[in-house]
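2 protein chains.
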Amino acid sequence: MSVIKILNQATRIVDPIMLKYLKKGAAREFLPILTYPIKAGGKRVRPALTILSCQACGGTVKDAKLPAAMIELIHNYSLIMDDIIDHGEVRRGVPTVRAKYGDTMALLAGMFYREAISQIAQDSPNPEEMHELLINTIKQTIEGERMDILFEQSGRTEQYLMEHRYESIRPHLYFELIRRKTAELIRAACVAGAVSANASNHYLNAVSRYGKNIGLAFQLIDDLLDIFGEKTGKQKGKDIIEHKLGNAVIVYALQELSALKQENLLQTLRSKEVDQYALEEVLHLLESTKAKSKILELARLYVSRAKRSLEVLPKTEARENLSDLADFIVTRPY
Amino acid sequence: MSVIKILNQATRIVDPIMLKYLKKGAAREFLPILTYPIKAGGKRVRPALTILSCQACGGTVKDAKLPAAMIELIHNYSLIMDDIIDHGEVRRGVPTVRAKYGDTMALLAGMFYREAISQIAQDSPNPEEMHELLINTIKQTIEGERMDILFEQSGRTEQYLMEHRYESIRPHLYFELIRRKTAELIRAACVAGAVSANASNHYLNAVSRYGKNIGLAFQLIDDLLDIFGEKTGKQKGKDIIEHKLGNAVIVYALQELSALKQENLLQTLRSKEVDQYALEEVLHLLESTKAKSKILELARLYVSRAKRSLEVLPKTEARENLSDLADFIVTRPY
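Protein chains in written order, with this note's numbering: chain A, 1 to 334; chain B, 1 to 334.
Do not rely on the hints blindly, as some may be mistaken.
A pair holds if it fits inside one copy or across any two, identical chains being indistinguishable in the list.
[Said to hold, decoys possible] Below, computed lysine to aspartate or glutamate pairings styled on DMTMM-like, alpha-carbon distance capped at 20 Å:
{"id": "1", "residue 1": "K100", "residue 2": "E158"}
{"id": "2", "residue 1": "K315", "residue 2": "E158"}
{"id": "3", "residue 1": "K24", "residue 2": "E176"}
{"id": "4", "residue 1": "K234", "residue 2": "E273"}
{"id": "5", "residue 1": "K39", "residue 2": "E29"}
{"id": "6", "residue 1": "K23", "residue 2": "E132"}
Just so you know, these hints were derived from the structure itself, not from any lab.
Using the sequences provided together with the hints, build the complete structure.
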């Protein structure tokens, strides 16, 4: 099956479930707000991973559908809250919930999502393990978002953030950041599939490793796009404009630049507003480094590790599809 | 046991548990923020209700301690989020989490609280029922907060809120509001105690009715204090200044005022900023009505209903204490 077909199938399976659980106990007037983020779309990569991981471990689509919807709701929950924190205006090509309905309703909607997540977990196979998985995953995601914000070098006026910012970054800390903010949820998507299939530890560990590795690859490529990715509809230099030190391109550029150029780069990230001239200069500087090729190399390495992890699983179409999804991650346009 | 002793005992039992669960999986640097709201104090009425309800249904303090901590964490979770929504500056005599650490960290802390709540539920007696109880309760609390905001007549600039405000209020809708925003959690505190004691439905329903009724009485008195309560450290006329239509004093005053005076009152609530002169005038108007005596009468009625609900339970010290707590609610200084 093509990746597009896989994602479409996941959408058809999880969207009605997410909508059903979001409607439980909600006032009629609250519904347009609650359902808006789901109807706005999204690729549904994570629930596809849950379904395929379940099948690859010997389970059925039926076993996986609730956990898959749960995982996608966790993703949407974190997006709603992140957009409040980052004053995000556009997502998936349309206004964010907060842009459309205001921060107050967005926050209440986010809180409501969190309850729907637990409700799906309760109705899933192995609800206790599912709950443990989702709690630990959300905690990691929160921690990742906390780190991400503290890696921003300017742009926020909150006293605490200004006093507690990270002043520097190294690959070790960068990988802790992206593991938490991205890879843990992708890993959880795969583990949820294994749990819903009652998989052995051997199989569960295989899809867990697979998920972690494609999660890291996914964020590495995302970081590339957030600097150089004007072709994909993203704003060119987005992460520079947003003062982010926690981007792989910055991390690896800093590794090889002279002390003077490091200082220049940091100064731009720390300026109150990054103007067009400074942005072009930084982009030029970053392009002069080996950061991009280094990151592509790393992403490919993680993808190949991910695919290798799958080898212990029986040879099935689902395993093939997981392998294709891994490739899809590093072949997105960048 | 005196009410003060009951509350102190609850504090000694639940505070260490709340802190323990908040520390699980949290980064060291996040801890001061996470523990701040707990260390800021609070009366611990809700966990006291859980412990006493458990004992009154034949359970022990040991059975009740995790659910009691869970209930108090739900309360704190909703306070953290409400303070973000209302830009609250002071709570329990000290700066709110958001005032001290900023909205971003407060929101992430709130989200982390939600995970700790589920973790306590998992370790509680009857985790599945406990989860169902907490999910439904939080959903009601969210809905109550949503209604509360839509009853505000001015002061928010979000387009959606300005377009979807309630224009009027009647006792029926007011009671739906306070049931959701206040009474459901207090009821849940009592039900959690019964669930942890493996109580029969007969006993569970008794403490459930008790909890709902004292919850309603509690909010009625709170509404009185938020209008007339300058003696208790609250700002005199607080709910007028905050443009709230969803206050019992307003609701019952509107019932008896002439059309012209109703219009005057609503106009003040809808003005951009309520000045001292307008405030005094409204307070004078409200004092001229029977709203206060009507509310006190209602609160006493709910307390007596609450105490009557307890009669099916065996005569124990815990039952006595629940009865005293009910009286405590209507004898707070107002």
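For each hint given before, does the structure comply? Return the numbers of the non-compliant ones in rising order.
Hint 2 is the one this structure does not satisfy, whereas the remaining hints hold.
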